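Student: The primary structure of each chain is shown beneath.
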Amino acid sequence: MKKLILGATALAASLAMTGAFAQKSAADGIAEYRALLADGNPAELYEAKGEDLWKKKRGPKNASLEQCDLGQGPGVVKGAFVSLPRYFADTKRVQDLESRLVTCMETLQGLNGAEIAKTPFGKGEMANVTALATWIAAESRGMKFNLSQSYAEEQVMYEVGKRLFFMRGGSHDFSCASCHGEDGKRIRLQDLPNLTKNPGNGIGFAAWPAYRVSNGQMWSMQLRLNDCYRQQRFPYPLFGSDATIALGTYMGVNAKGAESIAPAIKR
Amino acid sequence: MSDPMRIRAQAAGNKTTVRVLMSHEMESGQRKDSSGKLVPAHFISEVKAEHNGKVVMTAEWGPAVSKNPFMQFVVKGAAKGDKIKVSWKDNKGDSRTDEATVS
Chain A
22 MKKLILGATA LAASLAMTGA FAQKSAADGI AEYRALLADG NPAELYEAKG EDLWKKKRGP
82 KNASLEQCDL GQGPGVVKGA FVSLPRYFAD TKRVQDLESR LVTCMETLQG LNGAEIAKTP
142 FGKGEMANVT ALATWIAAES RGMKFNLSQS YAEEQVMYEV GKRLFFMRGG SHDFSCASCH
202 GEDGKRIRLQ DLPNLTKNPG NGIGFAAWPA YRVSNGQMWS MQLRLNDCYR QQRFPYPLFG
262 SDATIALGTY MGVNAKGAES IAPAIKR
Chain B
304 MSDPMRIRAQ AAGNKTTVRV LMSHEMESGQ RKDSSGKLVP AHFISEVKAE HNGKVVMTAE
364 WGPAVSKNPF MQFVVKGAAK GDKIKVSWKD NKGDSRTDEA TVS
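One line per chain: the protein sequences are A and B, in this order.
The numbering used here puts the first residue of the first sequence at 22, with every later residue one more than the last.
The numbering used here puts the first residue of the second sequence at 304, with every later residue one more than the last.
The following block holds chain A by itself, in its conformation from the complex (with noise of 0.2 Å):
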């Protein structure tokens, strides 16, 4: 019988090592660094915990969410990712994947709303939200987007959430455009995605959510939105309000046709 000391993170930070020691570019490092990551994704251990979360009784109503509406009828999960953000007749306003689950636990189970959009990330039923975002996801993994843009209201958001993404303002006089608007730019070491167009399969919206190795947290697409509003320096989004929606109708609409690899792994 062998005793080993095993270490992840020390197996990781060897084989980043030996690959510094040839001339590549940043960005391949990278990809590099990622596709090691990938293998081992912890995202995983999110879909388990969202899959399980789904066919759970939970809530006052001791229901499960396996009756939940997702655009493709109810129950149907498979596909709905990649028509997500879209109309939805029921409550009369265009909804993305995370806002819509909150209403499926509203309706469904019985569980509050209001007071899930207002619990932080990564607590309680709000960590709970993420992690059935990150399976429902999962579920639509190499399919290609096509948002509906057939409704007057899904014409608003896009329209909303393209005046959004240039819109200037904060302390830093900076819009989503300032980063997002042009090919080549990028933050610290990473690339970033030009988002007025399809930034390509599995970049940008079809990225997230995705887990981050660096705080080793998972991140919601409402929450990736939000910590770029933190970086400009803005206000505090609310969940699930209509402005991040807006903005996730005018990515999702311009990924059309880019592949999800959602959930995705991050530095």
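Be aware that one or more of the hints could be misleading.
With the C-beta cut set under 10 Å, the calculated list includes, among others, these residues of chain B facing chain A [claimed, not checked]: (1) Val323; (2) Asn371; (3) Phe373.
Listed below are the simulated DSS-like cross-link pairs for lysine-lysine, each with C-alpha atoms no more than 25 Å apart in a straight line [claimed, not checked]: (4) B:Lys383 x B:Lys357; (5) B:Lys383 x A:Lys144; (6) A:Lys144 x B:Lys395; (7) A:Lys144 x B:Lys370; (8) B:Lys335 x A:Lys144; (9) A:Lys99 x A:Lys76; (10) B:Lys370 x A:Lys287.
Treat the hints as calculated values from the structure; they're not laboratory data.
Values in this document were obtained by computation on a predicted structure and should not be read as measured data.
Virtual Cβ for every residue (Gly too), placed ideally from N, Cα, C.
Here the structure of chain A is known, so what remains is to put chain B in place on it, guided by the hints.
Tutor: Only chain B this time, still in chain A's reference frame:
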């Protein structure tokens, strides 16, 4: 209560590669919370792997291992359909055991 592990065991020839993803906070005991208090250490201290009931690997871990750790090792002589069982124990006495079939 701890979340389940994800275990994959794939045979190639007489070697089987086992990949395990564990769900654990792995708190190092070095960090402080927002009020400045030290966050108590909470990490997996022992890992054990069994092949059809026979122990094939044990490991002693410490606070330096990352959150949600990933572990990979190779077992010799495991055939398809064999059972690989992985269990861990943490420093607070919590434990978890999961099993996978070699494919």
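Student: Provide an ascending list of the numbers of those earlier hints which the structure does not satisfy.
Tutor: Hint 5 alone not satisfied by this model.
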